[in-house]
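Trainee: Sequence:
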Amino acid sequence: MPLQMPFFVRRWFLHRSTRITSEGLQFLLFTLAIGIAAINTGNNLFYLLLAMMLSLILISGIVAEYGLRRLDFHRHLPDLIAVNQPVTVTLVVKNRKSRFPSFSLGIFDVSDGRDLARGVTVHELPSGASRLVSYPFLATRRGRLRLDGVRVATEFPFGLFMKKAFYHVEESVIVYPEIIPLDESLLQGLMSTGQEQSFHRRGNGSDLYNLRLYHAGDDSRSIHWPTTARTSQLTVRETEAEEQRRATIRLSTIAPVSHDVIFEQAVSLSASLVQHLGQHGYVVQLIVGADCSPFGQGDAHLHELLRMLALCQRSDPSGEFMARNKLELDRKEDEGGTEIVVQSWRGPKDHQPGQLTLLVDGKPIDGALRGL
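Quick note: the sequence shown uses UniProt numbering, first residue 1, plus one each step.
It is worth saying that the hints were derived from the structure and are not from the lab. Incorrect hints may have been included.
[Stated by the list, open to error] Distance windows between CB atoms, simulated:
id	residue 1	residue 2	range
1	Thr227	Arg307	41 to 51 Å
2	Val92	Glu304	40 to 50 Å
3	Ala290	Arg346	17 to 27 Å
4	Ala216	Gly143	47 to 57 Å
5	Asp291	Lys363	21 to 31 Å
By construction, the Cβ of each residue, glycine as well, lies at the ideal position given by its N, Cα and C atoms.
Make a model of the complete structure from these sequences and hints.
Mentor: What follows is the structure, given as structure tokens:
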């Protein structure tokens with residue numbers, strides 16, 4: 001029966017690695033040469049020199065190992081991360097050792113088993129001390145980004161070995177699609193072609209919404225005196241909220257693999273439209289494939305729509321899927337407002353990737369997508 005190492009030993013080796021540097025390789029070769037010379041000549045001076053060099057190798061490994069032990073990492077990611085928009089990530093490093101400091105710590109993010117260099121180095125971390133470091137972060141693709149942990153490396157004290165240790169600091173964040181500036185002709189097309197529909201509701205405004213009896217706590221300035229005099233009952237004037245505009249953005253997720261780049265552009269354009277309309281007071285609804293959001297506005301609703309776009313996937317065209325998708329879309333009731341349709345694939349005859357198709361209330365917006 002083969003001898004098995006205890007679990008904690010295997011785990012320790014799994015999270016540790018050591019690599020010889022170029023300087024360390026030269027030092028080892030020189031040490032080997034000194035050892036051969038000591039054996040061949042029997043000279044005590046060579047033996048003394050060999051012992052000193054072996055001691056340096058041993059000290060290098062021990063000091064580096066202690067420097068990487070008992071460290072704590074706490075990472076903070078921004079709430080909003082979008083493709084190709086640099087953000088700042090902060091990382092708190094703490095040395096939990098009671099006596100020994102750590103030196104020359106290089107810090108890497110680990111994602112999908114790969115070390116991601118961030119250019120972060122902590123030159124000295126005394127025992128019990130903490131350091132707050134920050135570094136720029138640029139996401140290159142949308143979707144769920146998972147950071148498995150932090151890998152810390154050091155060549156201290158002599159630069160002979162690169163020793164690394166891995167710490168679990170798991171983080172998961174949704175990367176939103178790239179937000180691009182919208183073309184001026186596209187904005188003009190939205191204004192001229194879109195049909196805006198308002199709906200009436202109670203709120204702060206100037207137009208009359210309703211008359212009702214006075215209740216305790218109502219503002220006396222809202223009393224409608226003509227009606228009060230006529231009915232001999234205190235009557236309050238309710239106003240109507242300012243007109244709100246509605247917009248529905250439909251993103252078709254059906255496209256062949258040859259249109260994958262165009263589909264990503266369609267997702268980016270949809271995200272840009274969602275943000276633009278939301279910031280200009282629209283009540284926005286988003287339909288991605290067969291998934292439909294309610295109408296809404298505000299930052300929380302905007303983030304939910306961007307999350308839908310971040311996680312959506314392209315679907316290969318098939319008769320069954322296209323029929324089911326069309327049936328789901330046909331079930332959506334028309335609640336008024338502007339309808340914007342973004343398509344990356346126009347049908348079976350569209351064999352070569354071209355430009356996006358943008359329809360506003362069924363009318364194409366020409367010349368508005370040249371910058372994409």
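Trainee: For each hint, tell me whether it holds in the structure or not.
Mentor: Status of each hint after checking the structure:
1. Thr227 x Arg307: 41 to 51 Å: With Cβ atoms ~48 Å apart, the hint holds.
2. Val92 x Glu304: 40 to 50 Å: 30 Å, violated
3. Ala290 x Arg346: 17 to 27 Å: With a Cβ separation near 19 Å, alanine 290 and arginine 346 satisfy 17 to 27 Å, so the hint holds.
4. Ala216 x Gly143: 47 to 57 Å: 54 Å, holds
5. Asp291 x Lys363: 21 to 31 Å: 25 Å, holds
The structure does not agree with numbered hint 2 stated previously, though it agrees with all others.
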